[in-house]
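There are 2 protein chains.
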Amino acid sequence: MNSISELINKIGQKAKLASVTLRIANTEQKNSSLDSIANQIQENKQLIIDANNLDMHAAKKNNIDDALLDRLMLDDERLDAVVESLKQIANLDDPIGKTSEFAERPSGIKIGKMMVPLGVIGMIYESRPNVTVDAAALCIKSGNAVILRGGSEAINSNMAFYTCIKNGLNDVDLDPCSVQLIEVTDREAVTELVRASEYVDAIIPRGGKGLIKNISKNATVPVIKHLDGVCHTYLDKDADPQKGMDIAFNGKTRRYGVCNATETLLVHKDFDGKALLKLISLFSEKGVEIRGCEKSQQLSSEINKASESDWTEEYLAPILSMKIVNSVDEAIKHINTFGSAHTDAIVTENDRHSEKFLSEVDSSSVMVNVSTGFADGFEYGLGAEIGISTGKFHVRGPVGLEGLTSQKYIVMGDGQIRP
Amino acid sequence: MNSISELINKIGQKAKLASVTLRIANTEQKNSSLDSIANQIQENKQLIIDANNLDMHAAKKNNIDDALLDRLMLDDERLDAVVESLKQIANLDDPIGKTSEFAERPSGIKIGKMMVPLGVIGMIYESRPNVTVDAAALCIKSGNAVILRGGSEAINSNMAFYTCIKNGLNDVDLDPCSVQLIEVTDREAVTELVRASEYVDAIIPRGGKGLIKNISKNATVPVIKHLDGVCHTYLDKDADPQKGMDIAFNGKTRRYGVCNATETLLVHKDFDGKALLKLISLFSEKGVEIRGCEKSQQLSSEINKASESDWTEEYLAPILSMKIVNSVDEAIKHINTFGSAHTDAIVTENDRHSEKFLSEVDSSSVMVNVSTGFADGFEYGLGAEIGISTGKFHVRGPVGLEGLTSQKYIVMGDGQIRP
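First to last, the protein sequences are chains A and B.
For the first sequence, numbering that gives the first Met the number 0 gives the first residue as 0, with consecutive numbering after it.
For the second sequence, numbering that gives the first Met the number 0 gives the first residue as 0, with consecutive numbering after it.
Bound-form chain A, shown alone (with noise of 0.2 Å):
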């Protein structure tokens, strides 16, 4: 076992401790702590920044380009939006000790089931240094330990960070050890974490689609993960065309960088022409440019030819790419080949074809006369979200307070034996 392996272990080990005493922490524990690390945070705003700035230094130093320059940085009003997060955080319900209805079973057993934390959880993430302490914070208040591993550009922000989160965990006399941050940079400590299943419940990975295949491919912890969102709009026949042109218009254009933007832009050949030829205008004025199959070609010569690679980009960009279809099941097939599970929109008057679409498309998220661009924590009233699930297992779709918890089986019963 070499030095790194053995850290983590130790890390682990620790975690695994102070997730036993967090799990019975009350609710008011838990809030109070939150509370605590919003002082530490405010009364260190200049020491954070200080930490930032050496930080930011050496990103420029590696000509870092200019938006990950912008997610590192750190100021006043962007501490004072970390601070308001955490007392977001405080104010939403402790889903931990919610047990569901009982039932009575033939045997005069009555079950019923309890959330409870999953454990101790890892989070692996890139740049933002906010994550440290929305992730600390969304896992303490859903009574989970958490093992953090920043980006090693964000290192002298994370520590920062660090240091208040865990003088705010000693004021309420909650185990430090709930929150622990990996201060190595090797990229060993990664794939050692990702695969401490004696220890770690669930890894939460964000950042980019690399560092994702990467965990995935050699965790033996379960991992929550967000991969791409290739997020389609689909115009059907039956649509309301103004609530077409809308619809569309927002969910490629709200904003480019983000995952639910609509990145293709499936129209039925029957959709309403005149609004499709001003939607068409409307994404050329405002820049975007579309790459669309044969048939779009021929709706306008700003309309550039899609190679089939196109079909599966996530562009995060004003690009668009756009398919003609014949029919709802086409669009449906279109989706289900090439997307990528996230979320995908169907605008229709038509309730067979939406009720078609909601049964048959596989993603995590799927709509019906609204902007892909809805798909979101805080929209979807979970209060907070700590990543977007792009699997099946477990948790799909925005993941909130009670993705990170797991549910026990609870029964009652008056002495009964089984036969």
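It cannot be assumed that every hint is accurate.
Remember, identical chains collapse to one label, so a pair may be satisfied in a single copy or spanning two.
What the hints assert, rightly or not - Below, computed lysine-lysine pairings styled on BS3-like, alpha-carbon distance capped at 25 Å: (1) Lys236 with Lys304; (2) Lys273 with Lys285; (3) Lys97 with Lys109; (4) Lys355 with Lys112; (5) Lys304 with Lys294; (6) Lys355 with Lys332; (7) Lys332 with Lys112; (8) Lys9 with Lys332; (9) Lys332 with Lys13; (10) Lys355 with Lys15; (11) Lys224 with Lys15; (12) Lys212 with Lys13.
It is worth saying that the hints were derived from the structure and are not from the lab.
Starting from the known structure of chain A, arrange chain B on it as the hints suggest.
Just chain B now, kept in the frame of chain A:
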């Protein structure tokens, strides 16, 4: 890529394709395929028994032990039970397509969840050939395609069942690749299957601890696993003495070889002394060896000394470990330290103690005044079980049809776009 990995790839592709049609098959279609498989088995009883004779003959030649031979053996009566089980599964409620209540959000969109199949299940099991039919039936009913990998010792029996399943699926016009059996017996096929994350959504292993540990170590596909059942019964100081005796005796002696059997008896030092002595003599009469802590040994000369390893041992035999504890806290700590998070029961009339036990014991089933023998999918009202999950991820405790499903978000709107 060698020939085994090519084979598993091909099987995986076919399964994924089959899962697309199976996902949208309606309840009638799925049920009639189960009926049709039942008919095939009924009509081909003799062929199945002949195939099983080949396996039994080979097993005897390999000096396989009696318990295993018994699990391998098929006869007329056991085939009737297989047919009966198919009928029971056909009678279960179809979970697929069920939607939760919809909640309206401030934006006006309505959010609900719909139960959908996981997709493709990989089932890896040993010796008992009836698992071939049970697993196939539960997967079909829950809309999942399944890849079966049985033990090499049952290959002829499994192949005979497999022929019936294929013919049954063909009769009702469902994709025959909805169920596939891996016909090669190389171990490498298992390794390839548990890493085929492109095609397989979940692995369910059923068999010895060695098999399951090995699978968990290699798998990149999520595993619904059942490790051991080191179940505890705790007799509290405020227990009703008669209930305590009955529940402890039943938990241990109902059946020795099952995972929900009580393996460790914890007794509060102030539990009714007369009842405890009576219980010890009942165990003695029944031929159950007790291995106890020092204090227990003082109760009776018939109690042997327990070693540290006894606290983590799943005996599956007429042996019981026993410990005297000073408090409900000590009992809970013992269970969370040495138990296997399967099923643990408290016997008490004290509500504060039972509530503490329920919330603090971290096991898949936690029971009050009930024998651990009740931990079972049928007793819990799941109708059938494909296994008992000792993991916390996705599904915990007895796994029925719902454990084989995922949930997707359904979002309904009326043209909403997101600011």
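Comparing the hints with the structure gives:
1. Lys236 with Lys304: Close inside one copy (23 Å), not across copies (78 Å); limit 25 Å.
2. Lys273 with Lys285: within (19 Å within a copy, 86 Å between copies)
3. Lys97 with Lys109: The answer is both: 16 Å in one copy and 24 Å across copies each meet 25 Å.
4. Lys355 with Lys112: For Lys355 and Lys112, only the inter-copy Cα distance (16 Å) is at most 25 Å; the intra-copy one is 33 Å.
5. Lys304 with Lys294: within (10 Å within a copy, 82 Å between copies)
6. Lys355 with Lys332: within (12 Å within a copy, 52 Å between copies)
7. Lys332 with Lys112: between (38 Å within a copy, 22 Å between copies)
8. Lys9 with Lys332: between (49 Å within a copy, 21 Å between copies)
9. Lys332 with Lys13: So Lys332 and Lys13 pass the 25 Å test across copies only (17 Å; inside, 48 Å).
10. Lys355 with Lys15: Close across copies (20 Å), not inside one copy (46 Å); limit 25 Å.
11. Lys224 with Lys15: The answer is both: 22 Å in one copy and 20 Å across copies each meet 25 Å.
12. Lys212 with Lys13: Between copies only: 24 Å across, 28 Å inside.
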